[in-house]
Structure formats: structure tokens, C-alpha cells
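Given the coordinates of chain A, assemble chain B onto it according to the supplied hints.
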Amino acid sequence: MSHLSEASAREYWRRNKALMFKLGLIWFAVSFGCGVLLVDVLNQIHVGGYKLGFWFAQQGSIYTFIALIFYYSRAMHNLDKEFNVEERD
Amino acid sequence: MDLAFTTYLVVGFTFAIYIGIAIWARAGSTKEFYIAGGGIHPIANGMATAADWMSAASFIGMAGLIAFMGYGGSVFLMGWTGGYVILAMLLAPYLRKYGKFTVPEFIGDRFYSDAARIVAVICLIICSVTYVIGQMKGIGVAFSRFLETDYATGLYTGMIIVFFYAVLGGMKGITYTQIAQYCVLILAYTIPAIFISLQLTGNPIPQLGLGSTLVGTDTFLLDKLDQTVQMLGFPEYTTQTRISTLNMFAFTASLMIGTAGLPHVIIRFFTVPKVKDARSSAGWALVFIAILYTTAPAVAGMARLNIMQTIEPSPGQYLELDKRPDWFRNWEKTGLLAIEDKNGDGRIQYSADPESNELVTLDRDILVLANPEIAQLPNWVIALVAAGGLAAALSTAAGLLLAISSAISHDLLKSTFMPSISEKAELNASRGAMALAIAGAGYLGLHPPGFAAGTVALAFGLAASSLFPALMMGIFSTRVTREGAVGGMLAGIGITLFYVFQHKGIMFVADWRYLEDWGSNWFLGIEPNAFGVVGAMVNFAVAIAISQWTPAPPQRVRDLVEDIRVPMGSDVVHVNH
Numbered sequence: 001m002s003h004l005s006e007a008s009a010r011e012y013w014r015r016n017k018a019l020m021f022k023l024g025l026i027w028f029a030v031s032f033g034c035g036v037l038l039v040d041v042l043n044q045i046h047v048g049g050y051k052l053g054f055w056f057a058q059q060g061s062i063y064t065f066i067a068l069i070f071y072y073s074r075a076m077h078n079l080d081k082e083f084n085v086e087e088r089d
Numbered sequence: 090m091d092l093a094f095t096t097y098l099v100v101g102f103t104f105a106i107y108i109g110i111a112i113w114a115r116a117g118s119t120k121e122f123y124i125a126g127g128g129i130h131p132i133a134n135g136m137a138t139a140a141d142w143m144s145a146a147s148f149i150g151m152a153g154l155i156a157f158m159g160y161g162g163s164v165f166l167m168g169w170t171g172g173y174v175i176l177a178m179l180l181a182p183y184l185r186k187y188g189k190f191t192v193p194e195f196i197g198d199r200f201y202s203d204a205a206r207i208v209a210v211i212c213l214i215i216c217s218v219t220y221v222i223g224q225m226k227g228i229g230v231a232f233s234r235f236l237e238t239d240y241a242t243g244l245y246t247g248m249i250i251v252f253f254y255a256v257l258g259g260m261k262g263i264t265y266t267q268i269a270q271y272c273v274l275i276l277a278y279t280i281p282a283i284f285i286s287l288q289l290t291g292n293p294i295p296q297l298g299l300g301s302t303l304v305g306t307d308t309f310l311l312d313k314l315d316q317t318v319q320m321l322g323f324p325e326y327t328t329q330t331r332i333s334t335l336n337m338f339a340f341t342a343s344l345m346i347g348t349a350g351l352p353h354v355i356i357r358f359f360t361v362p363k364v365k366d367a368r369s370s371a372g373w374a375l376v377f378i379a380i381l382y383t384t385a386p387a388v389a390g391m392a393r394l395n396i397m398q399t400i401e402p403s404p405g406q407y408l409e410l411d412k413r414p415d416w417f418r419n420w421e422k423t424g425l426l427a428i429e430d431k432n433g434d435g436r437i438q439y440s441a442d443p444e445s446n447e448l449v450t451l452d453r454d455i456l457v458l459a460n461p462e463i464a465q466l467p468n469w470v471i472a473l474v475a476a477g478g479l480a481a482a483l484s485t486a487a488g489l490l491l492a493i494s495s496a497i498s499h500d501l502l503k504s505t506f507m508p509s510i511s512e513k514a515e516l517n518a519s520r521g522a523m524a525l526a527i528a529g530a531g532y533l534g535l536h537p538p539g540f541a542a543g544t545v546a547l548a549f550g551l552a553a554s555s556l557f558p559a560l561m562m563g564i565f566s567t568r569v570t571r572e573g574a575v576g577g578m579l580a581g582i583g584i585t586l587f588y589v590f591q592h593k594g595i596m597f598v599a600d601w602r603y604l605e606d607w608g609s610n611w612f613l614g615i616e617p618n619a620f621g622v623v624g625a626m627v628n629f630a631v632a633i634a635i636s637q638w639t640p641a642p643p644q645r646v647r648d649l650v651e652d653i654r655v656p657m658g659s660d661v662v663h664v665n666h
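Chains as they are written, first to last, in my numbering: chain A, 1 to 89; chain B, 90 to 666.
Just chain A, with the same shape it has in the complex (with noise of 0.2 Å):
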């Protein structure tokens, strides 16, 4: 069994959850929002070529997807540390 007492371990389960939801607002915003829902809008700017709603559907959104992943990995790291959480070796 852990050796989390149950408060701890709520207190770990609820900043985990405060971070996806954080980074999920992020998740949607990049991909529903400005790929989606605001594509017409930003399609007025122009970056390059690239009108910006169409950059952010084809291109950006995946970017941004990458660094949310890699964000939220290593945040729970810090997280399971904190908490003394981590798996041993």
C-alpha cells in the first residue's frame, strides 16, 4: 500500500486535475478555437503565406500540441516529487 496519507493524496489528485484543466483549456483553444470557431477572424491576419486560422488548423495546433504534452510531463515530475510520489528504481 502507499504511504500517502489521504489528505496528501487528494491535495496531489487536485493539482493534477488544476493542471489538465489549465493545459486543456490551452488544448482547446488552439485547436477548437483558433482552428475552428475564430478561423474566419484570424484568417484576416497574415503570417507569410499562411492566413492564420488556416496556419493554426494545419500547422499550429500540432505544435502546440507537442509542448503541452512535454509541459504537462514534466510539471507531474515535479509534482511526484513534491509529494514523494515518485516510482522507485
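No lab work stands behind these hints, which were simulated from the structure alone. Take these hints with a grain of salt, some might be off.
Claimed, not checked - When the alpha-carbon atoms are kept at most 16 Å apart in a straight line, the in silico EDC-like pairs for lysine to aspartate or glutamate are as follows:
hint : chain 1 : residue 1 : chain 2 : residue 2
1    : B       : 226       : B       : 239
2    : B       : 186       : A       : 86
3    : B       : 186       : A       : 40
4    : B       : 513       : B       : 121
5    : A       : 81        : A       : 11
6    : B       : 313       : B       : 325
7    : B       : 422       : B       : 454
8    : A       : 17        : B       : 651
9    : B       : 313       : B       : 401
10   : B       : 189       : B       : 512
11   : B       : 186       : A       : 80
12   : B       : 412       : B       : 401
Said to hold, decoys possible - Label-pair ranges, simulated between beta-carbon atoms:
hint : chain 1 : residue 1 : chain 2 : residue 2 : range
13   : A       : 82        : B       : 566       : 23 to 31 Å
14   : A       : 38        : B       : 410       : 16 to 24 Å
15   : A       : 21        : B       : 645       : 26 to 34 Å
16   : B       : 106       : A       : 77        : 32 to 40 Å
17   : A       : 77        : B       : 508       : 33 to 41 Å
18   : A       : 47        : B       : 106       : 37 to 45 Å
19   : B       : 106       : A       : 22        : 41 to 49 Å
20   : B       : 633       : A       : 77        : 31 to 39 Å
21   : A       : 38        : B       : 404       : 51 to 59 Å
22   : B       : 242       : A       : 88        : 18 to 26 Å
23   : A       : 21        : B       : 423       : 45 to 53 Å
24   : B       : 115       : A       : 88        : 55 to 63 Å
25   : A       : 19        : B       : 398       : 28 to 36 Å
26   : B       : 380       : A       : 17        : 30 to 38 Å
Where is the CB? At the ideal position from N, CA and C, for every residue including glycine.
Same frame as chain A, but now just chain B:
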């Protein structure tokens, strides 16, 4: 060297590598067979996941779809990558912590019910089988086009190769071949793209080339593309919406949660040593996937422009029938490209108007395969594209076959019907199940049933509407009960199948549909392919409602949920069943 010989050489070389790996990476235990021993490095697993995930549809089909759907094709790009964010945050780490072999195993244990396990096995088999038929067809088509064999011979050759490494090595053999297959497919995809980007824009990076100006002009490539398609009467490339904004929203969401719920992808994350590796491995997987997925829109736009400029080199100057290039004639032989000189002027007019359009057939799937020929690249590049298409189809087929065979040998045999069999017997059973699965997939590839056309709709719709919600609720709620989970999964699949069948025909037999395929009876104007997200919402709602009225899960299940949320002690299994 002529093309056929070069192609045999390149494809033969890649096959020799796969067989070499099969002999080297044999599985000696069920743990090796199901999860490659659980010691795969997260970057290596990321690469294997990318090959596992990117199928013949991604390699051959996707750029063609985008080329003709323009902005509307973005649903595939966002949907098939955004799912990895969900997977990395909501599923992979906790399922890795749970530390078992299969997806139905988790559902069966978490929902303390053999019924839930069996429903999960059925969902897994239906979505994996429909998916694998597409891969088998891809193998047959790639062989028959590039190696000039007939379709069946190509299919058998592919089956023998998969048989070698999947039956001998299980997940262990599959993992190492997938890493090799990723290298082959990504080279095959990016090399022609770099050449074409250089030719058109002078920029060697296709992702930048798509946003650059055309060589020797001040005109941006995308502006030129927009103008050209509009002159022919097609909608503007960069703003062409897929049906409606709501439909694009639902389509993207369905593909995202379908991606996160596909068992053959999820089980890849059981092969890494630790929970933290499962998180980072999802990131690496997406890096390797993104190399292809961000190149695809460039390939799409550039190939569309190339084709139009081949047919109409300068405004009003159409290509003469007699002077059409060799690749034109080659693809006409396959029936995937066809021309008809309707006005008899000896030239080919291309237009959005079906009355005057003389390029009567232009199959979307030939775009990637014909790309190197269109751009007049050397033969070895064309041969590499053939090897890449085969690698994409083989790697995905193997992953799907493993998901199917482990569900049969582990979840049905070991966990449900014959709990007392020894590990050695289970390992033999899993090899037998794998051989059967390969034979079954081959049979379906040779005799594709009517519903093969609905592959994408069914596989993603089912994964999204059945497995994903059950997995997510299993992790995020301690209150959802077995009755809730089973009811939710059945309701989710039920409504998704109902909607797909009513527009596409029962079992995809078009004559058996009772509402029109394309039209006004769509729920909120959502096309059947995009309905998975609605099915998922029904699943969540039904499961949560039933759970309110049924007794709470036992304490040991609540302990299990608390336990998988924390990485510590991932070697310890707390639940005895």
C-alpha cells in the same frame, strides 16, 4: 536500373530487416508477448507508437483528402494529433500504473464484472477488425501497383511477413519492427516532400514552403492555389469548410477521443518501464507523428497545384492529350486516373463542372504515390515511397492484430473461461490467436465485406463512443458502477451504430439504409463519420445516471482507483480477483 528492379531491391531490403528482427526478438514469456517485457525506452516506444498509429490511411490517404478538402481536411490533422494530449493526460499514465496487459482487463477489473470485460472485448474486436481490413487492402494495392504482382499475391506476401514477427515475437517483435518501419516510412514521406518544396518554392522545409512564395515570383503558393482552384470553379482552398462549423467541430472531437480510445495505441504505453515514461512517451510519439502530419498539408497543397499546372501550364493552354506525361499513362492503367476528351479538341480540360470536366477520375489515394513521378524524382525515391506505404500498412496491421489476439488469449481465455491455464499454455494460445487473427484479416482483405468502406467511421466512432468513456470514468470516478459502465458502453455503441447505419445502410449495405446518405435528416447537420462524440456523450450520461441508482462499487475497487492515480509502487498489484 529500371523502376521495377529498384523497387524490388528497396522493398526486399526492408523486408529482410523485418525478418531479421523477427528472428532476433522472439518472445519467451507472456509478459514479452503482450507488453514486450515492459522495458521499452520512452523515445523508442514513441517511435513505435508513431508507426503503430500511422496507417496506410495516414501515409497514402490523408494528403489526398486534404488536397481536395482544403481547409476542411484540417479535421484529420487536428483530430488525429490532438487525441495524444488526451491520452497523455487522461489515460496513459494511470493505465500504465495499473500495470496489466490489455484494455479489457482494466475495464473488467475496475468495473468488477466479466460482463464489462466481455463487452469491452467485443468493442475492441469490432473496431480493430474493421481497421485491419483497410491495412490489408493497402498492402495488396501497394504491391500490385509497384511490384506489378496481382492483389492476392501481394496480400499473401504481406501476411507471411507479419506472421513471422508477430507470431514469433508478439509485442516484442512488433515493437522493434515498428521502429524500423517508422524510419522507412518517414524517409519515404519527407524526401519527396523536400524535393517538391524546393522545386516550387526554393525552401527545403515543406512546412515553411507552404507559406512561401513561388520560385521566381512574388506570389505566395497558397494565394496561387486559391486563385487557380477558384478559376476552375472549386471553392477557395484555404477557407473551404467541411459542411459546417459545427460539423467540423464534432468531426475533430470524434477523431480526437477515438484516437485516445483505440486499444492498439493504448497498449503501446504498457511497454514502458514507469508512469513518468508513459507521459513523456506520448510526447515523443506525437513528435514523430507530427513530422509526417505537418508535412502532409504541404504535400497536399503542392500536389494539387502541380496537377493543375500539369494540365493547364498557362491560363487557357490545356495539356495536349498526346503529350501527357508517363505518370499519367501509368495511373490510367490502374483505373484510378481517367480522362475523356468530351469536346474532342485533343486537349484535357479540368473543371469543377462535371459537364465539361475531362479529368473524369482522379482518385485521391494516388496523390502521395504519384507525387515523386509528378515531380520527376529519380526511381529510388519512387521505390522508397512503395516501401514506405508498405511499412505504414504492415506496422499498423501488426499492432491491431496484437490487440485482437491478446484480447482473445488473455481476456477471454485466461481471465474469463480458463483461469487455470499455465503461462506456457497461454503463450501458445496467444501465438495461436495471432495466427488465426492474421488468417482472418487476410481472408477479409481478399473478400472485403460491404462494410469495409465504413472502416473509419466505425473504428473511430466505436472507440470514441464505447471504450474511451468507460476508461475515463474508470479512472476519474470512484462512483461509476459496473451496471453504469456496461449500460453506458452499450448505449454509446448502440446510438453510434444506429446513426451510421441509418445513413450508410445496415452493416453498410447501401440498399439497407432507411434515410438518405447525404442530407437534411442529419442530427444538427453532423455527418455520420463525425457522430462518435455524440455517442460518447450518451455513454457518459447513461453511465452516470445508472450509477446513481445502483449500489456503489466495493471498497477494493475504490482502493484500486485511488492507487492508479499515484505513480508510486507501480510494481505492486493491489487487487486480487
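Status of the hints after comparison with the structure:
no.	hint	verdict
1	B:226 <-> B:239	holds (12 Å)
2	B:186 <-> A:86	holds (12 Å)
3	B:186 <-> A:40	violated (43 Å)
4	B:513 <-> B:121	holds (12 Å)
5	A:81 <-> A:11	holds (14 Å)
6	B:313 <-> B:325	holds (11 Å)
7	B:422 <-> B:454	holds (15 Å)
8	A:17 <-> B:651	holds (14 Å)
9	B:313 <-> B:401	holds (13 Å)
10	B:189 <-> B:512	holds (15 Å)
11	B:186 <-> A:80	holds (14 Å)
12	B:412 <-> B:401	holds (12 Å)
13	A:82 <-> B:566: 23 to 31 Å	holds (25 Å)
14	A:38 <-> B:410: 16 to 24 Å	violated (46 Å)
15	A:21 <-> B:645: 26 to 34 Å	holds (29 Å)
16	B:106 <-> A:77: 32 to 40 Å	holds (35 Å)
17	A:77 <-> B:508: 33 to 41 Å	holds (38 Å)
18	A:47 <-> B:106: 37 to 45 Å	holds (41 Å)
19	B:106 <-> A:22: 41 to 49 Å	holds (44 Å)
20	B:633 <-> A:77: 31 to 39 Å	holds (32 Å)
21	A:38 <-> B:404: 51 to 59 Å	violated (35 Å)
22	B:242 <-> A:88: 18 to 26 Å	violated (53 Å)
23	A:21 <-> B:423: 45 to 53 Å	holds (51 Å)
24	B:115 <-> A:88: 55 to 63 Å	violated (30 Å)
25	A:19 <-> B:398: 28 to 36 Å	violated (49 Å)
26	B:380 <-> A:17: 30 to 38 Å	holds (32 Å)
Against the hints set out earlier in the document, violations occur for numbers 3, 14, 21, 22, 24, 25.
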